[in-house]
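Novice: Protein sequence lines correspond, in order, to chains X and V. Numbered per numbering that gives the first Met the number 0, the first sequence finishes at 228, counting up by one with no gaps. Numbered per numbering that gives the first Met the number 0, the second sequence finishes at 228, counting up by one with no gaps.
Accuracy of the hints is not assured; some may be wrong.
Which copy is meant is left open, because identical chains are indistinguishable; a pair holds if it fits in one copy or across any two.
[Claimed, not checked] Straight-line Cα separation of at most 25 Å, BS3-like style, residue types lysine-lysine; simulated pairs:
{"#": "1", "residue 1": "Lys31", "residue 2": "Lys140"}
{"#": "2", "residue 1": "Lys93", "residue 2": "Lys212"}
{"#": "3", "residue 1": "Lys140", "residue 2": "Lys212"}
{"#": "4", "residue 1": "Lys93", "residue 2": "Lys53"}
{"#": "5", "residue 1": "Lys140", "residue 2": "Lys47"}
{"#": "6", "residue 1": "Lys80", "residue 2": "Lys93"}
{"#": "7", "residue 1": "Lys53", "residue 2": "Lys140"}
{"#": "8", "residue 1": "Lys93", "residue 2": "Lys69"}
{"#": "9", "residue 1": "Lys47", "residue 2": "Lys31"}
{"#": "10", "residue 1": "Lys31", "residue 2": "Lys80"}
Derived from the structure by calculation, the hints contain no laboratory data. Computed from a predicted model, the values in this text were never measured in an experiment.
There are 2 protein chains.
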Amino acid sequence: MPSALILIADGTEEMEFTITYDTLVRAGVDCKSAFVHNDEFVTPPAAKGSRGIKIVPDGYFEPADSGPDKFDALVVPGGAKGAETISQNSAVQKLVRDYLAEGKLVGMICAGMPDGYTYLGRTDFAARLGSLAALTSGLPKQPLTSHPSVIAQLQDEFIYSEDSVVVSNNLITSRGPGKRTIDPNTPFAKALASGTAFPFAFKMVELLCGPEKRQEVHGPMVFPAGTPW
Amino acid sequence: MPSALILIADGTEEMEFTITYDTLVRAGVDCKSAFVHNDEFVTPPAAKGSRGIKIVPDGYFEPADSGPDKFDALVVPGGAKGAETISQNSAVQKLVRDYLAEGKLVGMICAGMPDGYTYLGRTDFAARLGSLAALTSGLPKQPLTSHPSVIAQLQDEFIYSEDSVVVSNNLITSRGPGKRTIDPNTPFAKALASGTAFPFAFKMVELLCGPEKRQEVHGPMVFPAGTPW
């Protein structure tokens, strides 16, 4: 049975976390969620998502128990505040490199801006986006996508793609479609690309369990006719 | 600000719960989750979803604090075991009738069968499906939809529709598209229609907050091109 370690933190986008975890469990993947937490430990642990849903993780993030010898895949969900905590954690950055070096899967969903968060003029913007764990982890130049709002930060360091889900060997990144003009006053500039969470999760299932399993999990969810994944 | 009471129980489908709650919060709806629980209270409360994700509800379900004088909408998510607990609760059944009588919204997502659950031959099947809270609550004949697996139980009592999301005055029901042959040996017969959770949530936003708010919330989620909602 394949296994996956799914990181979570205060501020993680709860739909991105839940859709990925739930869909992988449906495919028979043994999932463990690990709480990346900078403050004092509380008992029991509970991560407060970007929209206020509190989720009890399966355990705290412990680097020694999280390596590519323990799991087949590592998932970093979005949600600006959660992505900041996760992507700035040096143990997570090392883990991303270790998983890729060992040929294990790494999945990242891009994250945008929380309500009211203004990014123009911030020099630490890159570190605040989940998709940019690829950047903070110092990965080599390769195909990648992200939330459209951070194209500028990524296009020199990576081979930037505008597909919804991009697979580069064992690195899987996700975004929304098309290139959009970013106006910080529009809702778009301060929100999340959760709309790609389902196709992202199905791509993870396909790569971990094969295309037949993907089809087996997809059918019963009864997506409306014409859904493009 | 509109408000919504979203029920949750052990076995609730965590994607259906999370997508609805999260999307309503994005629209500015004041959401409260209430734990419908038959056993002894535990502190803090945590509902274990159908795929093992543990969610801390905002509080226990208290009928006296849950009426249509307190909230603008009542939501019953799916997930077979959770739907059974919720739809068999007589206080919830009364609440469904009270909300509709007061002209408040009631939203139900259909639920299917958990893995390994065989429904053929069971006489209590109807009570085991979330969408069928409409039946257990004794609602009058009106347009409605459900998971395709329970058409037979509903089509005499309601005006059955095959649309993904059906609005009948202030009752909103959801399912997957099309009519399918139910074979209990296929994954379809034992699974959930979580694929309609997003269009269901957007319909709730539209009815609670208006079509402009729906558009405002939808755009930033960056669904892939061609997504039919």
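Novice: Hints the structure violates: just list their numbers, smallest first.
Specialist: Numbers 1, 2, 3, 4, 5 and 7 - these are the hints that the structure violates, sorted from lowest upward.
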